[in-house]
Amino acid sequence: MTASLQLDDQGRLRHFLTLEGLPAPLLTALLDRADAFVDEQGTDKKHDSLLGRTVINLFFEPSTRTRTTFELAAKRLSADVLNLQVAASSATKGETLLDTLKTLEAMQADMFVVRHDASGAAHFFARHAAPGVAILNAGDGRHAHPTQGLLDLLTIRRHKGRVNGLKVCIVGDILHSRVARSDIHGLRTLGAAEIRVVAPPTLMPSGIEQMGVRIFHQVDPALEGADVVILLRLQKERMLGAFLPSLGEFHRDYGLNARRMALLQPDAIVMHPGPINRGVEIDGDIAYGPQSVILDQVRNGIAARMAVMDLILGGRR
Amino acid sequence: MSILIRNARLLDPARGLDVRGHLGLRNRCITHFGDAEPVEPYDEVLEADGQWIVPGAVDLCARFREPGDTGKADFASETRAAFAGGITRFALPPDTRPPLDTPAMVVRVLRISKAVRSPWVAPLGALTRELAGNALAEMSALKAAGCVGLSNALRPLQDPLLARRALEYAHGLGLTIHVFPQDPALAGPGCAHEGPVATRLGLAAIPVAAEVAALRFWISLVEDTGARVHFGRLSTARGVELVETARDRGLPITADVAAHQLFLTEDLIDGFNALGHVVPPLRDAVDRDALRGAVGRGAIDAVCSDHQPHEADAKINPFPLTEPGLSTLETLWPLVLQLVDDGVLSPLAAVDRITAAPARILGLPAPTLEAGAAADVVMIDPDADWTLQAAKLLSRGRHTPFEGWRFRHKVSACWHDGVRRA
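Protein chains in written order, with our numbering: chain X, 1 to 317; chain H, 1001 to 1422.
Be careful, since some hints might not be right.
Claimed, not checked - To give an idea of the interface, some chain X residues facing chain H are shown, with a C-beta separation under 8 Å as derived from the structure:
id, residue
1, Leu97
2, Leu98
3, His116
4, Ala118
5, His123
6, Phe124
7, His143
8, Gly207
9, Met211
10, Met239
Stated by the list, open to error - Take a look, some chain X residues computed to stay more than 12 Å from chain H by CB distance:
id, residue
11, Gln108
12, Glu194
13, Arg252
14, Gly289
Simulated from the structure, these hints should not be mistaken for lab results. Being a predicted model, the structure only gives us computed values, none of them experimental. Think of the CB as a built atom: it goes at the ideal place given N, C-alpha and C, for glycine as much as any other residue.
Produce the complete structure using the sequences and hints provided.
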């Protein structure tokens, strides 16, 4: 279902909705292209592959950080970019999501970058988009954040030289995390040796082992020998009371500190989708320590998004 | 106008009869049943060789959306669908708008129903005022107005003590309380069964415990009060186990399941298919098989349609934002009789689950083919081999997950109150 929606008859990327089911050669091609864009950063950043194209950032959830990276990616490919924060306006006027899509389509957009708090929103837009209009999922509910997954894979590959055979540990709020789901799909496709997910039972979704991961409720054994550790951001306001007794307790039990760093492979890297909660998911000195690649992730995020946009729209002439 | 249906297979679970014979209808009543030819003449003779004749179905939960939501459907539209589906009586949950919490509202609904010559309506009165869950409705007055039971529909009660008092009070009036067993706090904003599919899709989940906790709570109150409780729309294996154990202990408990729960699982929601968005959610194959087994041995007494017609827009949204519910009046008979082909039920037991059993739950006389009974009769073609097309449904709601399914049994005619309606 997803594959048929996401790929065209020739197996080319038509929309970018999820990493689930994305064929390994296609994923590798995206990473290769992103890699090239990263290498070009600092020199001549501007490309013209999306010249004359219109990209609309359609954000139903506020997110300055993510929106900015999409905007920058599109502009570096010379697209015209429009940013729309539609959460408050159209919904309160009784306009349906479909109305919103069709209205904006009439403005001859070529691509919508969609973020929405409902899982499946990007699929919904893709199913109803006019032919030739591409949907790029910038995060839908708890379901997927495929460009974040892509930039995480890119960061791992650039630092470790490969994804195949690595042991990766994902720590934190797995239940609500679209990043975790996208990372898991991508890591599996590229042949990670083991994917460990670590969280208290309140933040571990039922049946996640069927996605091909090992579940841990204690962080120390999960970190042992890991090549990569990915920390997830805690949404503080939603955690307290029902999911966690306190942020302090979470930090004590799951936070990455110097002692726990010693459990990892000596050359392990530390990742976080940001923005970090210092002293909650990670100690401040580790966040920007020698093994942290968190700022690389941000840099790679622009290249990853450029790669997706370029692959979908760049060749459509 | 009188009609004689000749040489049919007559299935009458109220009397445990599965025989070949003739059925005569005259003056709104069944006038002849049996293998002997009637002496008196009939205006019309219908040769029904190979066809099954059964009583009209009694649907324990169907929403016709009137009053309050006539943008979705109304009595006129759903009446056509009900008769096409072989349903001649249905229990109406009280969650109309305004709800059925006063005798005036009950009378209003019955009047609407009568005006369009709808199937017989068995209204369920609101258990609490405005279904708000914090003050008892006037149960005695609702009973006097025609309510056959009480329910708070899908709405929760605010207070366990109110639930206990509601059971006590209803028990005193001889009324059954119809409960949708789902703990609202455990269900939260969930829209899918808690399991690998919801996890992969990132959908907020409704755990099995939401049903089990509610069942345990209400069963404990039945133990205290002796009141009769009917659990509507079971969805889990553990729920079935609890209900069955309680019944074995002699508690006055009955249960039903929606027909689609006996065929579909959480897999349907993959790809964010909004046709899989129902309440309670579609569970896994173990649950589905447990439900089928329970219907087979009678631990679940009845099967209902849980018909909830929607306008097209209701399902055009990202999955969690779509409205739950399906149009199911016209698939009730075909699905239940599919259970015969699947070896779950005998033909007679299958007919029982949607005729006599639900009538017993509602405290109504069991529909029967016995001479003298009301002429609510359905003819089933047991070898129709047909394919369901959503566009051809008569319900104004066209949301069905059974599009393209091939069925063998088909409702080929329906008489209600002696008049052919489909």
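Hint-by-hint comparison with the structure:
no.: 1; hint: Leu97; result: 6 Å, holds
no.: 2; hint: Leu98; result: 6 Å, holds
no.: 3; hint: His116; result: 7 Å, holds
no.: 4; hint: Ala118; result: 4 Å, holds
no.: 5; hint: His123; result: 5 Å, holds
no.: 6; hint: Phe124; result: 5 Å, holds
no.: 7; hint: His143; result: 3 Å, holds
no.: 8; hint: Gly207; result: 3 Å, holds
no.: 9; hint: Met211; result: 6 Å, holds
no.: 10; hint: Met239; result: 15 Å, violated
no.: 11; hint: Gln108; result: 23 Å, holds
no.: 12; hint: Glu194; result: 19 Å, holds
no.: 13; hint: Arg252; result: 27 Å, holds
no.: 14; hint: Gly289; result: 32 Å, holds
Checked against the numbered hints listed earlier, the structure breaks hint 10 alone; every other hint is satisfied.
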